[in-house]
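Add chain D to chain S, keeping to what the hints say.
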Amino acid sequence: MPDLGPMDATLAAARPQAVAALLRHFRDLDLAEEAFQEACLRALRNWPKNGPPRDATAWLIMVGRNAAIDAVRRRSKLTELPPEDTISDREDAEPGLVDRLDQADYRDDMLRLLFVCCHPDLPVAQQIAMALRIVSGLSVKQIARAFLVSETAMEQRIGRAKARIARAGVSFETPGPPERAARLAAVAAMIYLLFNEGYTDPDPRSERSSLCGEAIRLARLMLRMFPTDPEMMGLLALMLLQHSRLLARFDALGMPILLEEQDRLHWNGALIAEALAMIDKAIRHRRPGPYQIQAAIAALHARAQRPEDTDWAQIEQLYSALERRTPSPVVTLNRAVAVAKLHGPEAALVLIAPLTEPLASYFYFHGVRGALLEQVGRFGEARDAFGRAIALANTPAEAAHIRQNLDRLEREVAAQKNSAGDVGPR
Amino acid sequence: MLYTVLCYHDEDITAAWSREEEAAVVDQLIAVHDKWGGTFRPVVRLMPTNTATSVRKSGTLVTDGPFAETKEQLLGIYVIEVADLEEALAVARDLGRANPTANYEVRPVMALVPDAGLAGAS
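Protein sequence lines correspond, in order, to chains S and D. Mapping of the first sequence onto our numbering: residues 807 to 1232, in sequence order. Mapping of the second sequence onto our numbering: residues 4 to 125, in sequence order.
Pulled out of the complex, with its shape left as it was, chain S reads as follows:
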């Protein structure tokens, strides 16, 4: 985000709720966005003169709505317009709308706005781009930079997404409980995808890396609307814990540093404390779900002052719980890492043997398998596994990291040959 003055910060903070309410009113994304833009322009003119309104969001919604209606009228040249100042004064004095905008309306408006962005018809990349453009209000240029594509390409991507949404049609009825739950789950998934998009960037100041902060902001917003949803608490806690390691996860050259080798003094204590408080709250509901379980695992890492203090037994149990709930070879792979710590590399190798086929093209599988094979002294197979991992690496940094493992392996092999030589000729 660019440098924001206090007033710009107020406008940015009001944006999601205001656009969400305007979308309900106009049932058209472009019109809702235009109305909000216009309201912001009027706020920039009006607020320094008359002082900021008590409820900035309600003001922006009212003014945006009326401005858009005026614009439509102007286009159709039906009525003569009163001067702008009269409009603003009248709008600001209208108390009725503020009453109608109670929490329940806001909440379903917000959910709808986010749900529109993660419509199941949209590919993931379009969902995230839409959320950043429509909900967070990032410019197309900023989003393009975050996704490392050209501005034109991003413009087209967002245009296609909007067209698809218009074709698909979204219900503007107040959702029932099952539909609300389904929308919440879809929104949570999209927010986490957004977070992961930013997570791999080693530069904490890059546009791409700022996506993590944006995802956290959206989760906080959702939680304020749905304060009793334990999975949303779990998701926020999970992201806070992962984000707390931002400054410890990469070295000066942008190479990823493994959890065990990170300098834990560089973890962000405030984010960890907030996350642990969120998990405490979520657990009270006794409705565990995948985000809560993953957050609980991340919390066990965060609680360990040194790597050797990590409670691997409990981590292994939590991965088992996650495996039962959402079976996936990737979860099993993660459990295998805990099993290796608890029962040794042999046990972990047995556990991951059936994963060879489903994870054949998964970078981390070959990295983990290589390390386990190395530990049990099966150097030739370890070398092959590392080689496959390098071929599958998603970033140059990942490849470089495995190459380091490979170098260490070669040194080990060489050392063993030498010590074998020391025994003397038979």
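Hints are computed from structural coordinates only; laboratory data are not their basis. Quick caveat: nothing in here was measured; it's all calculated off a predicted structure. You may find that some hints are simply not true.
[Stated by the list, open to error] What follows is a list of derived Cβ distance ranges for each label pair:
{"no.": "1", "chain 1": "S", "residue 1": "Pro984", "chain 2": "D", "residue 2": "Leu64", "range": "34 to 42 Å"}
{"no.": "2", "chain 1": "S", "residue 1": "Gln962", "chain 2": "D", "residue 2": "Lys38", "range": "51 to 59 Å"}
{"no.": "3", "chain 1": "S", "residue 1": "Asn1002", "chain 2": "D", "residue 2": "Lys38", "range": "41 to 49 Å"}
{"no.": "4", "chain 1": "D", "residue 1": "Gly41", "chain 2": "S", "residue 2": "Leu954", "range": "51 to 59 Å"}
{"no.": "5", "chain 1": "D", "residue 1": "Ala18", "chain 2": "S", "residue 2": "Ser1012", "range": "14 to 22 Å"}
{"no.": "6", "chain 1": "D", "residue 1": "Val28", "chain 2": "S", "residue 2": "Asp911", "range": "30 to 38 Å"}
{"no.": "7", "chain 1": "D", "residue 1": "Ala18", "chain 2": "S", "residue 2": "Pro984", "range": "29 to 37 Å"}
{"no.": "8", "chain 1": "S", "residue 1": "Asp1117", "chain 2": "D", "residue 2": "Lys38", "range": "17 to 25 Å"}
[To be verified] Some chain D residues judged to face chain S by a derived CB distance under 10 Å, without partners named:
{"no.": "9", "residue": "Ser21"}
{"no.": "10", "residue": "Asp67"}
{"no.": "11", "residue": "Leu98"}
{"no.": "12", "residue": "Arg100"}
{"no.": "13", "residue": "Ala101"}
{"no.": "14", "residue": "Arg110"}
[Claimed, not checked] Non-contacting residues of chain D with respect to chain S, defined by C-beta distances greater than 10 Å in every case (computed):
{"no.": "15", "residue": "Cys10"}
{"no.": "16", "residue": "Val94"}
{"no.": "17", "residue": "Pro103"}
{"no.": "18", "residue": "Met113"}
Glycine included, C-beta positions come from ideal geometry on N, C-alpha and C.
Relative to the frame of chain S, chain D by itself:
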């Protein structure tokens, strides 16, 4: 005399502060703390309202979220040292039973300066 000074702000805005902006504000605050020296007793910063749980109706109703009503005024603050949220809520329930028309909000606190530690908190 003992007084409390309560700080109010818009969470959306403070949450959007960058690390540098936050550090700049904290530095300025610390300069004020230094100036007033021993005047300052415990200084605590509340975590975001997302972390709050409220106890209402003489301690019988526990809800997620802050106690955000405008017709009541803030009467008092306890800083308590407990093992976990459950224990904190047990304290709040007892207080609610003792003062049945009041409402209590339970929110974790942290040090004003991150990682600087807080007297009494582990």
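Comparing the hints with the structure gives:
no.	hint	in the structure
1	Pro984/S with Leu64/D: 34 to 42 Å	26 Å, violated
2	Gln962/S with Lys38/D: 51 to 59 Å	57 Å, holds
3	Asn1002/S with Lys38/D: 41 to 49 Å	45 Å, holds
4	Gly41/D with Leu954/S: 51 to 59 Å	54 Å, holds
5	Ala18/D with Ser1012/S: 14 to 22 Å	20 Å, holds
6	Val28/D with Asp911/S: 30 to 38 Å	34 Å, holds
7	Ala18/D with Pro984/S: 29 to 37 Å	31 Å, holds
8	Asp1117/S with Lys38/D: 17 to 25 Å	45 Å, violated
9	Ser21	8 Å, holds
10	Asp67	4 Å, holds
11	Leu98	19 Å, violated
12	Arg100	20 Å, violated
13	Ala101	23 Å, violated
14	Arg110	8 Å, holds
15	Cys10	16 Å, holds
16	Val94	15 Å, holds
17	Pro103	23 Å, holds
18	Met113	5 Å, violated
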